[in-house]
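There are 2 protein chains.
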Amino acid sequence: MSRIESVGVIGAGVIGSGWIARFLLNGIDIAVYDPSKDAPKNVNKVIQNAERAYAQLLTSDLPKRGTLTFENTVSDASKAADIIIEAVPERLSEKQSVYDEIELSTNNNVIIASSTSGILPSDLQAKMKQPERLIVAHPFNPVYLLPLVEIVGGSKTYKEFIERASSIFTNIGMFPLHIKKEIPAFIADRLLESVWREALWLVNDDVATTEEIDDAIRFGFGLRWAQMGLFETYRLAGGELGMRHFISQFGPCLEWPWTHLMDVPEFTEELVDKVSSQSDEQSGQFSIHELEKKRDDNLVDFLKVLKENRWGAGNTLKEFEDRLNKTKKRTDFAKLDLTAPLLTLKTKVRKEWADYNDHMTESRYLECFSDASTEMMAIVGVDEEYISSIGSYFTVETHIRHLDEVLIGEGVYATTQVIHGTGKKLHLFHYLYHEDDSLLATAEHMLIHVNLKTRGASMPSELVINRVEAVYEAHRKLAKPEGLARAVGDKV
Amino acid sequence: MSRIESVGVIGAGVIGSGWIARFLLNGIDIAVYDPSKDAPKNVNKVIQNAERAYAQLLTSDLPKRGTLTFENTVSDASKAADIIIEAVPERLSEKQSVYDEIELSTNNNVIIASSTSGILPSDLQAKMKQPERLIVAHPFNPVYLLPLVEIVGGSKTYKEFIERASSIFTNIGMFPLHIKKEIPAFIADRLLESVWREALWLVNDDVATTEEIDDAIRFGFGLRWAQMGLFETYRLAGGELGMRHFISQFGPCLEWPWTHLMDVPEFTEELVDKVSSQSDEQSGQFSIHELEKKRDDNLVDFLKVLKENRWGAGNTLKEFEDRLNKTKKRTDFAKLDLTAPLLTLKTKVRKEWADYNDHMTESRYLECFSDASTEMMAIVGVDEEYISSIGSYFTVETHIRHLDEVLIGEGVYATTQVIHGTGKKLHLFHYLYHEDDSLLATAEHMLIHVNLKTRGASMPSELVINRVEAVYEAHRKLAKPEGLARAVGDKV
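As given, the protein sequences belong to chains A and B, one line each in that order. Whatever position you read off the first sequence (first residue = 1), add 56 for the numbering used here. Whatever position you read off the second sequence (first residue = 1), add 56 for the numbering used here.
Everything labelled a hint here was simulated from the structure, so no lab data went into it. Computed from a predicted structure; not experimentally measured. Where hints are given, some of them may not hold.
In silico DSSO-like pairs for lysine-lysine, Cα to Cα no more than 30 angstroms straight-line [to be verified]:
1. K509/B to K120/A
2. K120/A to K349/B
3. K402/A to K480/A
4. K350/B to K382/A
5. K402/A to K407/B
6. K183/B to K135/B
7. K374/B to K101/A
8. K385/B to K480/B
9. K350/B to K349/A
10. K360/A to K330/A
11. K349/A to K185/B
12. K547/B to K536/B
13. K481/A to K402/A
14. K536/B to K481/A
15. K120/B to K404/A
16. K374/B to K404/A
17. K360/A to K135/B
18. K374/A to K404/A
19. K509/B to K404/A
20. K360/A to K533/B
21. K101/A to K183/B
Short derived list, chain B residues pointing at chain A, Cβ under 7 angstroms [to be verified]:
22. Q338
23. Q341
24. S343
25. N354
26. R457
27. L463
Glycine residues also receive a C-beta, built at the ideal position from the N, C-alpha and C atoms.
The task is simple: from the sequences and hints, build the whole structure.
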């Protein structure tokens with residue numbers, strides 16, 4: 057893996073700044089040239105975005121951040137660099153004059169990588185003295201998060217520069233995709249261009265608005281493409297028969313006049329063969345059923361994070377779940393059976409609760425108990441509305457006994473006994489059961505009522521006090537739970 | 057919201073089966089007609105996929121599953137239905153003869169919804185007696201997970217059927233997108249077609265393989281499109297100046313001969329205005345900075361779930377983190393300073409650990425303590441290799457004191473004191489500190505060494521016993537922690 061110490065960046069717009077953020081936070085020093093006096097401010101904003109994102113993305117510490125300097129000339133930004141990133145506007149002559157300056161100030165071992173999204177590397181290197189070191193390294197916004205970088209060499213590029221550059225990009229967390237045949241716009245932007253053209257037709261012809269087009273993407277095939285591309289997705293649509301079946305079924309549709317842009321390659325047996333065998337090579341190690349499971353796992357998780365983030369398809373899921381919950385009614389307090397512990401949780405052990413061995417992991421037992429406390433609070437009147445206006449109960453002390461294991465996907469439920477409940481204090485004992493009624497764990501909690509503005513202890517409302525006392529009066533007649541008031545390590 | 061009780065499904069291929077799974081698991085009865093004798097088996101597979109996915113997706117219980125019957129004729133499958141889903145092959149005449157049969161056996165209030173991905177509803181309804189009830193409802197595979205359904209009416213369709221159908225689809229968790237102008241292939245498939253054509257050219261011309269094309273999608277713009285579409289993404293690329301800036305910069309590129317398919321709408325001031333003002337309408341309520349944050353949050357979370365699922369861009373992230381971790385070395389046991397509790401955790405409070413108020417939630421304190429136990433185990437020799445071959449320590453009892461709150465994004469660290477450690481037992485006391493060194497919580501744990509095959513108590517290896525005893529001998533000379541051996545509710 058090539059580790060480097062210093063990068064020169066020429067041009068600090070959206071793409072240049074993204075490169076700077078990624079390299080800098082990977083511990084690499086950067087020298088920048090950009091004629092705009094706003095460049096340092098704009099670069100700094102992008103670095104802040106990247107720092108914010110990495111703090112959530114990475115569980116590992118990054119190396120100590122590199123140093124960032126702004127230079128007054130292309131030469132000064134280039135002279136100490138192991139690799140130079142050129143990210144100036146998409147004009148061939150402008151790029152070529154940047155390379156002139158770089159060639160004067162660096163030795164011929166330094167890689168020159170252009171961020172162009174479409175100009176051919178052979179054109180970029182045409183006037184260079186050492187054209188062998190020029191490559192295209194085309195990244196995607198935001199550069200500090202999206203892994204893809206398209207690597208393309210020109211006719212005069214040496215392989216060793218392509219390999220060294222790929223290794224440098226891999227080392228800072230990217231996915232270098234080496235495109236072996238040089239064409240304008242490479243791969244991704246050709247696909248994007250074709251969608252962009254068709255989308256502009258749809259807007260132009262008043263078929264759809266920009267919002268409707270975006271929704272048609274992000275509520276549908278966009279969710280598929282974050283994990284599988286076009287061909288692997290269609291392989292799945294072909295069912296067990298795979299790509300050859302799909303393409304022989306769907307292929308002819310390409311001759312229907314569906315889109316504005318409809319020149320198609322001739323649908324020869326040779327092309328069908330090529331696509332099918334490449335698809336086998338790509339995905340053949342997985343059965344269709346395995347691919348379906350993987351696709352669904354990823355889709356489920358995308359929808360869940362979008363729900364957490366209140367965005368796009370996640371909002372649809374949130375509204376759906378809210379409707380499901382609305383039909384679920386909590387029993388009237390007056391009608392509760394207080395002669396036994398109350399049911400406070402019923403759920404399945406979720407995939408993300410697994411340890412390495414597919415058992416529920418330690419902290420998720422407390423998540424179950426915490427949810428049971430929340431339900432117990434709601435039963436006595438501390439619901440969302442109460443919490444937003446009056447206060448809540450905070451757990452100050454917890455004792456858990458782990459008695460048995462439970463596997464991902466199995467059902468569990470919890471019941472809760474009020475041990476004591478007067479004034480600000482609420483002392484609870486939860487039982488967590490397997491769906492087969494065997495006991496998995498118990499938890500004893502002391503909660504204190506808190507005013508959420510002062511964050512200090514406070515008295516609950518009268519309704520809450522009365523309800524807590526009613527449950528307490530009933531539950532004190534029940535047998536004391538086994539394990540109550542235990543300290544860790546007490547003899548049984 | 058329209059709730060319905062019964063659906064007829066004609067055609068149970070990949071799309072028909074997806075519809076069946078979504079309706080059935082939403083508590084709606086289904087009658088199916090499909091001439092293939094394999095239909096019940098194939099439908100069942102899709103229902104199983106859907107059940108598996110929903111168990112992870114939903115935190116709420118679904119209604120009791122509907123009943124599923126397979127009928128021998130289109131009429132039998134249609135007669136009791138509130139809405140009929142037609143999902144037969146894409147041949148106009150075949151679809152029209154299905155509608156003939158449906159019209160004979162249902163009253164004219166029943167919606168007929170075609171899943172066609174491209175045929176015009178006006179053509180579908182051309183020969184119907186009650187054409188007003190025919191709509192297109194075009195879903196996306198897998199239908200039970202992807203929310204998008206394109207709704208299109210023909211020239212004779214009544215608005216009330218479109219509204220009722222949309223409401224039915226919303227109610228089962230979908231996102232109906234009403235396309236007001238009827239064109240072949242609607243919106244999504246026009247975009248897909250254009251990409252498909254360009255991708256086939258790339259394969260045909262040997263520019264890239266199917267795998268390289270898929271990688272260019274899923275490591276790059278695919279990750280953007282799962283959350284924002286084409287226009288909102290490009291609005292961001294325009295920076296603070298937004299869409300008008302982007303389109304005036306990028307628009308002209310469309311006239312370069314980049315793709316095979318390059319007929320473009322004339323780039324008039326009117327078109328620029330239309331795109332820009334529609335984009336303002338769509339996204340103008342957010343500043344560019346807000347959109348960037350949202351985009352980054354979603355990308356970070358997509359990458360994290362892909363890492364968990366060991367797939368695509370998540371593999372790149374995993375390899376990057378593994379490299380970062382490799383450079384981190386654990387201190388040799390012999391060189392550890394045992395005259396104080398050992399450092400066993402250093403991390404930041406992650407976004408997903410938040411309660412509704414942006415403080416770390418209860419169960420995540422235990423997650424921190426559990427990670428500290430894992431590190432303590434690794435220090436005494438119970439590392440990944442030991443666990444996979446010999447055994448591990450299981451927590452059997454825990455006592456937590458919550459002393460202070462901590463906000464998302466703040467740093468925390470933990471230290472660990474061995475209270476007792478001989479034979480199978482390991483008694484630990486963890487301190488969790490804020491990065492400003494104030495104490496947030498303590499946890500006391502009893503762990504037992506377990507053979508992971510028998511899941512029963514067992515003796516650790518000699519190395520582990522010796523190391524545990526060495527730490528215990530040193531730590532027993534330290535002051536006893538405050539709060540040691542407390543039971544919940546003990547007086548201070």
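Here is what the structure says about each hint:
| no. | hint | result |
| --- | --- | --- |
| 1 | K509/B to K120/A | violated (43 angstroms) |
| 2 | K120/A to K349/B | holds (24 angstroms) |
| 3 | K402/A to K480/A | holds (28 angstroms) |
| 4 | K350/B to K382/A | holds (28 angstroms) |
| 5 | K402/A to K407/B | holds (26 angstroms) |
| 6 | K183/B to K135/B | holds (20 angstroms) |
| 7 | K374/B to K101/A | holds (27 angstroms) |
| 8 | K385/B to K480/B | holds (28 angstroms) |
| 9 | K350/B to K349/A | holds (28 angstroms) |
| 10 | K360/A to K330/A | violated (37 angstroms) |
| 11 | K349/A to K185/B | violated (43 angstroms) |
| 12 | K547/B to K536/B | holds (18 angstroms) |
| 13 | K481/A to K402/A | holds (26 angstroms) |
| 14 | K536/B to K481/A | holds (28 angstroms) |
| 15 | K120/B to K404/A | holds (16 angstroms) |
| 16 | K374/B to K404/A | holds (28 angstroms) |
| 17 | K360/A to K135/B | violated (38 angstroms) |
| 18 | K374/A to K404/A | holds (19 angstroms) |
| 19 | K509/B to K404/A | holds (25 angstroms) |
| 20 | K360/A to K533/B | violated (49 angstroms) |
| 21 | K101/A to K183/B | violated (61 angstroms) |
| 22 | Q338 | holds (4 angstroms) |
| 23 | Q341 | violated (12 angstroms) |
| 24 | S343 | violated (12 angstroms) |
| 25 | N354 | holds (6 angstroms) |
| 26 | R457 | holds (6 angstroms) |
| 27 | L463 | violated (12 angstroms) |
In terms of the numbered hints stated before, the structure departs from hints 1, 10, 11, 17, 20, 21, 23, 24, 27, listed from lowest to highest.
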